[in-house]
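The primary structure of each chain is shown beneath.
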Amino acid sequence: MKNKTISRCFKLIKPKTKPLIIISIISLVITICELTKPYLIKIVIDDYLSLGIYQKGVVTIGLISAIYIGLVLLGNILDFISTTATIMVGEDVIYNLRNKLYKFIENANIPFHDKTPAGTLFVRVTNDVEDITTLFKEVLTTIIKDIILIIVLVSIMIYLSYKLSMLSFLIIPFIIIFSVFITKAIKKGYEYSKRIKTKLNIFLAESIYGMKLIKIFGRQYEKQKECEDLTDKFRNSRIGPTLFEGLLPGLMTILENLGIAIVTWACVNSWLGINLEVGIIYVFITYIKQIFEPINRIIENIETVQESLVSIDKIFEILEKKEYLEDFEKGIIIDKLEGKIEFKHVWFAYKEEEWVLKDVSFTINPGESAALVGRTGSGKTTITNLINRFYEIQKGEILLDGINIKDINIRSLRKNIGIILQDPFIFAKSIKDNISMNKNMLDEEVEKTLKLSSAEDFVNSLPNGIDQIADERGNSYSAGEKQLLAFARIFAHNPSIFILDEATANIDTHTEELIQKSVDEISKEKTSIFIAHRLSTIVNVDKIIVLSDGEIIEQGNHDELVNNGGYYSSLYNSYYESLN
Amino acid sequence: MKEVMLKILKKHKKGMFFQIVVITINMWLLTFPPKIIGIIIDLLYDIDKNKSEIINYTYYLVGICFILLAVRMCWKYYDSYNQRSVEKELKDKVFERVMKIKLSKLQKIKNGELMSYFVKDVNEIRRLVQKVLSYGTRFVTTLIIAGITMASNVDLKLTIITLCPIIITTYIVIKIKNYVERSFRKSQIYFTELSEYVQESTDSIKTTKAYSCEGEQLKEFIRKNRKVKSSNIATEVHSSLITTTINICFGLCYGISILFGSKLVLENTITIGDFVAFNGYIGLFIGPVSWIPGVISQYKRAQISYKRLDKIFSLEKEKIKIKPNEDIKEKLYGDIKINNLSYNYPDCIEKVLEDINLQVESGETLGIIGTIASGKTTLMNLLLRLYQVDRGKIFIDGKDINDIPIEILRENICYITQDNFLFSTSLKENISLFRDDFEDRDIDESTKNAMIYEDIRKMPNGIDTVIGERGTDLSGGQKQRLVISRAFLKSSNIIIFDDTFSALDNKTEEKVLENVKSMTENKTCIIISNRISDIKNSDKIIVLDKGKIVEAGVHDSLINQKGLYYDFFMQQSTKTENSLLD
Chain A
1 MKNKTISRCF KLIKPKTKPL IIISIISLVI TICELTKPYL IKIVIDDYLS LGIYQKGVVT
61 IGLISAIYIG LVLLGNILDF ISTTATIMVG EDVIYNLRNK LYKFIENANI PFHDKTPAGT
121 LFVRVTNDVE DITTLFKEVL TTIIKDIILI IVLVSIMIYL SYKLSMLSFL IIPFIIIFSV
181 FITKAIKKGY EYSKRIKTKL NIFLAESIYG MKLIKIFGRQ YEKQKECEDL TDKFRNSRIG
241 PTLFEGLLPG LMTILENLGI AIVTWACVNS WLGINLEVGI IYVFITYIKQ IFEPINRIIE
301 NIETVQESLV SIDKIFEILE KKEYLEDFEK GIIIDKLEGK IEFKHVWFAY KEEEWVLKDV
361 SFTINPGESA ALVGRTGSGK TTITNLINRF YEIQKGEILL DGINIKDINI RSLRKNIGII
421 LQDPFIFAKS IKDNISMNKN MLDEEVEKTL KLSSAEDFVN SLPNGIDQIA DERGNSYSAG
481 EKQLLAFARI FAHNPSIFIL DEATANIDTH TEELIQKSVD EISKEKTSIF IAHRLSTIVN
541 VDKIIVLSDG EIIEQGNHDE LVNNGGYYSS LYNSYYESLN
Chain B
1 MKEVMLKILK KHKKGMFFQI VVITINMWLL TFPPKIIGII IDLLYDIDKN KSEIINYTYY
61 LVGICFILLA VRMCWKYYDS YNQRSVEKEL KDKVFERVMK IKLSKLQKIK NGELMSYFVK
121 DVNEIRRLVQ KVLSYGTRFV TTLIIAGITM ASNVDLKLTI ITLCPIIITT YIVIKIKNYV
181 ERSFRKSQIY FTELSEYVQE STDSIKTTKA YSCEGEQLKE FIRKNRKVKS SNIATEVHSS
241 LITTTINICF GLCYGISILF GSKLVLENTI TIGDFVAFNG YIGLFIGPVS WIPGVISQYK
301 RAQISYKRLD KIFSLEKEKI KIKPNEDIKE KLYGDIKINN LSYNYPDCIE KVLEDINLQV
361 ESGETLGIIG TIASGKTTLM NLLLRLYQVD RGKIFIDGKD INDIPIEILR ENICYITQDN
421 FLFSTSLKEN ISLFRDDFED RDIDESTKNA MIYEDIRKMP NGIDTVIGER GTDLSGGQKQ
481 RLVISRAFLK SSNIIIFDDT FSALDNKTEE KVLENVKSMT ENKTCIIISN RISDIKNSDK
541 IIVLDKGKIV EAGVHDSLIN QKGLYYDFFM QQSTKTENSL LD
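Protein chains in written order, with the working numbering: chain A, 1 to 580; chain B, 1 to 582.
Worth flagging that the hints you see were computed from the coordinates, not collected in a lab.
Fair warning: there could be bad hints in the mix.
What the hints assert, rightly or not - 27 Å max Cα-Cα, derived DSS-like pairs, lysine-lysine:
| no. | chain 1 | residue 1 | chain 2 | residue 2 |
| --- | --- | --- | --- | --- |
| 1 | B | K351 | A | K197 |
| 2 | B | K458 | B | K511 |
| 3 | B | K562 | B | K546 |
| 4 | B | K51 | A | K42 |
| 5 | B | K319 | B | K300 |
| 6 | B | K206 | B | K186 |
| 7 | A | K517 | B | K206 |
| 8 | B | K511 | A | K225 |
| 9 | B | K51 | A | K212 |
| 10 | A | K212 | B | K175 |
| 11 | B | K110 | B | K300 |
| 12 | B | K458 | B | K399 |
Said to hold, decoys possible - Partial list, computed: chain A residues near chain B (C-beta under 8 Å):
| no. | residue |
| --- | --- |
| 13 | K14 |
| 14 | P15 |
| 15 | T17 |
| 16 | I43 |
| 17 | D47 |
| 18 | A85 |
| 19 | K115 |
| 20 | I280 |
| 21 | F316 |
| 22 | I387 |
| 23 | F390 |
| 24 | Y391 |
| 25 | L421 |
| 26 | D423 |
| 27 | N440 |
| 28 | P463 |
C-beta atoms are modelled at their ideal positions from N, C-alpha and C, and glycine is treated no differently.
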């Protein structure tokens with residue numbers, strides 16, 4: 001185990017040191033209760049039953065029974081309390097860790113999200129944190145108790161008779177060897193079985209997915225055979241590890257009784273001069289039985305601890321990448337921008353030195369509209385991602401209203417920029433929440449934005465209107481409808497700069513007309529940038545910026561560029577010709 | 001479902017019987033060690049006199065444990081074999097059934113839902129079988145055997161008094177278990193909600209940032225996380241309450257046995273050894289008592305799963321005989337005739353197809369073109385009887401297709417669908433679709449015809465390359481050609497291509513079409529496409545719009561009509577240029 005891992009664990013548990021100490025103390029009391037019980041029976045056997053008396057002084061067997069029951073109650077109630085406390089500590093640690101992790105993910109910048117697949121983050125927040133929960137739930141609740149139990153048990157046994165203890169401890173190495181060996185074998189068996197199970201499940205999932213194909217080609221016979229073959233393999237793969245699982249307790253019973261036999265032999269033959277009361281022998285026998293459980297449990301849990309430690313490392317590796325966090329506090333807060341955009345010799349690369357934008361300069365005045373034109377990969381989308389500082393540029397500067405965007409507070413910068421992505425994201429929330437995006441809005445205001453974005457008819461046709469909850473990722477809505485909702489979002493937030501990445505997806509003509517209406521409405525007053533796919537959009541803008549391989553090759557309005565006889569004019573002409 | 005279940009249980013009744021016998025023997029053997037220890041304790045009071053006897057008993061003690069181990073292994077073997085057999089056979093049966101269910105019914109169930117029948121519901125039933133057989137038997141035999149041993153070896157009254165708390169506790173524990181189940185289900189729901197939320201958050205990060213909603217997203221997350229936390233705590237605390245209750249119960253039993261047992265010792269009714277043995281017997285009950293609530297809650301879970309599976313078995317199925325394809329010898333010639341066919345999906349009033357009249361003879365090629373959702377694919381689905389068609393509507397070789405057994409019909413029609421779904425196995429199996437009676441030569445030939453041979457040859461393991469393994473991802477065009485090669489392999493007399501050329505470039509497409517033409521010279525071929533180029537050389541072309549045949553003829557006559565077909569033609573000749581802007 002690396003030092004780093006230890007310090008990470010410590011960091012995790014540190015705030016809970018006090019409760020953990022209290023839990024340990026309670027565990028000690030529980031253990032003492034637990035171990036006094038057989039001793040009470042020893043007293044009954046040696047001091048009362050052997051002598052044939054019921055009462056010795058004031059102490060009767062009845063009183064001892066009462067004490068016994070008292071200890072049972074005390075021990076178990078304390079046990080319940082300490083378990084509950086441990087659970088709460090564990091869940092609290094997990095709760096805080098999960099919040100921290102999620103906060104990191106939300107506040108991390110886009111380059112971080114580009115580098116870390118969403119699936120990985122998902123697994124970190126759910127499964128990996130859950131692994132750590134197991135650490136607390138299964139391990140911490142028992143491990144403190146078990147360790148204390150073993151220590152106290154061994155001490156008492158040595159105190160009672162160190163010679164007999166030494167003899168009985170002879171079986172402990174065997175317990176450990178058997179446990180470790182068999183646990184490993186079980187693990188191996190299950191790993192194999194798990195692989196087959198995965199195969200079977202993939203087979204089932206694919207068959208379900210391709211059921212129509214199976215029906216069309218009449219391959220039911222082959223598929224049925226394959227299914228039976230896999231289920232058979234899976235059944236057989238399970239029997240091995242189950243047998244090993246059964247073997248372990250069986251071997252432990254043998255060792256346990258062997259221990260009892262050793263104790264008996266020692267007493268009978270007076271080995272090492274051992275000569276004890278029958279009651280003590282009883283106590284020994286009971287203690288030997290008790291020592292098995294905690295040892296086994298600790299060995300079983302080693303695996304869980306290792307897995308949890310791996311998960312802890314994975315989570316902290318994310319949390320420690322502080323350089324990816326965005327700073328929301330810094331910078332000038334600007335309520336409302338005019339909307340002037342200037343790029344001055346901007347150089348940008350996602351990866352070092354692989355320039356995506358090379359020395360890009362242009363100006364868009366407040367209220368003007370501009371279209372970015374160029375082939376896929378020419379840097380159109382990149383430009384829009386730089387304006388709202390999803391990425392930081394390496395050279396040059398970007399100015400809004402003459403202020404370098406690096407000096408503007410990120411939140412207020414983004415509030416001033418409204419962007420519609422090709423495939424707008426719709427949350428699994430109500431239409432209203434999807435539009436307001438956590439801004440306080442009255443129903444009437446929401447409806448007004450729907451009217452402005454021409455989404456009114458579509459929303460009204462939903463059974464619950466603006467309170468309709470969307471399916472996961474808005475799957476219940478078509479691409480066009482999602483676009484309309486995204487436009488409503490823009491109207492609701494009224495930014496100074498509007499960026500639209502035109503959808504290439506199939507949108508029916510009616511919806512397309514509605515979208516066009518919204519575009520016209522918005523771009524009337526705002527500085528607008530379009531990543532355009534339709535010529536109709538491009539022709540009408542104030543400025544066309546033609547990009548090729550990250551460089552601006554031409555800029556100007558439509559007429560200028562057509563007369564220019566450059567790339568854009570050839571593009572336009574070939575299109576124009578194809579129409580005739 | 002009931003018959004299926006009974007059949008499976010009946011098949012394994014022998015194994016289950018052995019399991020019960022072995023568990024009973026195991027239980028009986030378990031009563032020996034406490035008894036022997038008791039005897040040893042008694043003998044220890046006079047070591048010198050009983051020395052050899054004591055030693056013999058210790059051998060006896062260890063020996064019994066070895067026998068116990070052997071019996072235990074037998075039990076575990078039967079336990080595992082029986083439950084896994086039930087699982088295996090139930091899975092097989094459900095799978096068989098799913099393959100037989102009518103497509104129209106099957107498509108109403110989500111794929112994830114179908115999958116959960118296999119991974120969840122079958123397992124719940126398996127667990128019930130396992131728990132009833134192992135734990136149930138264990139509980140009953142413990143009560144009987146340990147009870148009788150205690151009463152006969154020690155004392156009846158003592159047995160009754162001590163066992164009282166155990167019975168009461170079993171009841172209490174079952175009640176608590178109900179709470180645990182409930183809060184467990186709740187925490188599962190909350191956890192799923194949290195997971196979905198995280199998924200949404202990571203997917204929507206750009207939108208969230210653009211609107212600066214990070215703080216609100218976090219607040220919502222914390223709210224959901226808190227729910228997970230508190231429901232987890234509830235589940236855990238309830239479960240630990242079960243342990244506490246059981247421990248207190250057995251503590252009480254021991255306490256009672258100390259008091260009453262020692263009185264019996266003092267009265268000389270039992271020996272000290274019996275007294276010690278009695279405590280040992282009590283320990284035998286701990287396991288079974290803590291398992292029994294699990295059996296009951298499992299019964300409830302399995303009940304729900306049983307009902308769900310029952311639903312699958314009650315869905316209407318196709319009349320189909322499952323047998324190897326090579327055993328289907330009947331051949332169809334390939335004349336298709338459709339008479340006044342109208343169709344609406346079950347539970348829908350709207351007609352998908354209306355008044356379709358059509359005749360294609362063997363050796364002819366039919367081209368179908370139409371707008372989105374004009375009923376092209378539905379028509380094919382009916383031809384293959386994937387959906388139910390009325391009598392007197394569709395005839396093949398003059399026979400009503402309802403009179404042709406489904407397996408024969410489908411063996412004689414090769415329908416290549418538009419979704420190019422591939423299984424994650426080798427390319428070869430994806431082409432042959434798991435039939436192993438094709439010659440390698442034929443498979444190679446079919447890939448050559450589909451213009452994918454060269455692509456396959458360049459792959460690391462050729463035709464045996466496994467899809468999806470180590471980044472072997474095929475492009476859309478490659479996938480489509482792979483799927484097309486299935487048509488060249490299957491020697492059916494009716495061959496249908498449903499929009500299967502869309503991802504091919506012009507040159508490849510041309511060659512594939514040429515090969516299709518020469519293959520189908522003496523066969524019936526139907527090509528459905530939105531591209532004029534795919535169908536313009538067909539012997540007959542029909543144009544579908546909203547379920548109706550609006551135009552029919554050959555390419556030249558349709559162009560001259562200046563109708564929908566002409567519009568398609570015009571659109572497509574300009575469209576190629578339009579994409580320049582990207």
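Here is what the structure says about each hint:
1. The straight-line distance between the Cα atoms of K351 (chain B) and K197 (chain A) is roughly 44 Å, outside the 27 Å bound, and the hint therefore fails.
2. As the CA atoms of K458 (chain B) and K511 (chain B) are separated by approximately 20 Å, the hinted pair is consistent with the 27 Å bound.
3. Taking the CA atoms of K562 (chain B) and K546 (chain B), the gap is near 19 Å; set against the 27 Å cutoff, the hint holds.
4. As the CA atoms of K51 (chain B) and K42 (chain A) are separated by approximately 22 Å, the hinted pair is consistent with the 27 Å bound.
5. At most 27 Å may separate the alpha-carbon atoms for a hinted pair to count; K319 (chain B) and K300 (chain B) exceed this at roughly 35 Å.
6. The straight-line distance between the Cα atoms of K206 (chain B) and K186 (chain B) is roughly 32 Å, outside the 27 Å bound, and the hint therefore fails.
7. Restraint check for K517 (chain A) and K206 (chain B): satisfied, since their Cα atoms lie roughly 25 Å apart, inside the 27 Å limit.
8. For the suggested pair K511 (chain B) and K225 (chain A), the alpha carbons sit about 37 Å apart, so the restraint of at most 27 Å is broken.
9. In summary, the hint linking K51 (chain B) to K212 (chain A) is not supported, as the alpha carbons are separated by about 79 Å, beyond the 27 Å threshold.
10. Distance check on the hinted pair: K212 (chain A) and K175 (chain B) sit about 47 Å apart at the alpha-carbon level, beyond 27 Å; violated.
11. Taking the CA atoms of K110 (chain B) and K300 (chain B), the gap is near 25 Å; set against the 27 Å cutoff, the hint holds.
12. For the hint pairing K458 (chain B) with K399 (chain B), the CA-to-CA distance comes to about 46 Å; that exceeds 27 Å, so the pair is violated.
13. Interface hint status for K14 (chain A): violated, as the beta-carbon distance to the closest one in chain B is roughly 19 Å, over 8 Å.
14. The closest approach between the C-beta of P15 (chain A) and any C-beta of chain B is roughly 15 Å, which is over the 8 Å cut-off, so the hint fails.
15. The beta carbon of T17 (chain A) is not positioned within 8 Å of any beta carbon in chain B (closest approach about 20 Å), and the interface hint is therefore violated.
16. With its C-beta approaching chain B no nearer than about 10 Å, I43 (chain A) sits outside the 8 Å limit, and its interface hint is violated.
17. Using the Cβ-Cβ criterion of 8 Å, the hint placing D47 (chain A) at the interface with chain B is not satisfied: the shortest such distance is roughly 11 Å.
18. Checking A85 (chain A) against chain B: minimum C-beta separation of about 10 Å lies over 8 Å; hint violated.
19. Residue-level restraint check for K115 (chain A) is violated (minimum Cβ-Cβ distance to chain B is 13 Å; threshold 8 Å).
20. The beta carbon of I280 (chain A) is not positioned within 8 Å of any beta carbon in chain B (closest approach about 11 Å), and the interface hint is therefore violated.
21. Residue-level restraint check for F316 (chain A) is violated (minimum Cβ-Cβ distance to chain B is 18 Å; threshold 8 Å).
22. Interface restraint check: I387 (chain A) against chain B, minimum CB-CB distance 11 Å, threshold 8 Å, status violated.
23. Using the Cβ-Cβ criterion of 8 Å, the hint placing F390 (chain A) at the interface with chain B is satisfied: the shortest such distance is roughly 7 Å.
24. With a cut of 8 Å, the hint placing Y391 (chain A) at the interface with chain B is violated, because the nearest CB-to-CB distance is about 11 Å.
25. Below 8 Å, beta-carbon pairs count as interface contacts, and L421 (chain A) has one with chain B at about 7 Å; its hint therefore holds.
26. For D423 (chain A), the suggested interface contact is broken, since its CB lies about 10 Å from the closest CB of chain B, more than 8 Å.
27. Restraint check, N440 (chain A) versus chain B: the minimum CB separation of about 11 Å is more than 8 Å; hint violated.
28. Hint on P463 (chain A) is violated. Least Cβ distance to chain B is approximately 19 Å, over the 8 Å limit.
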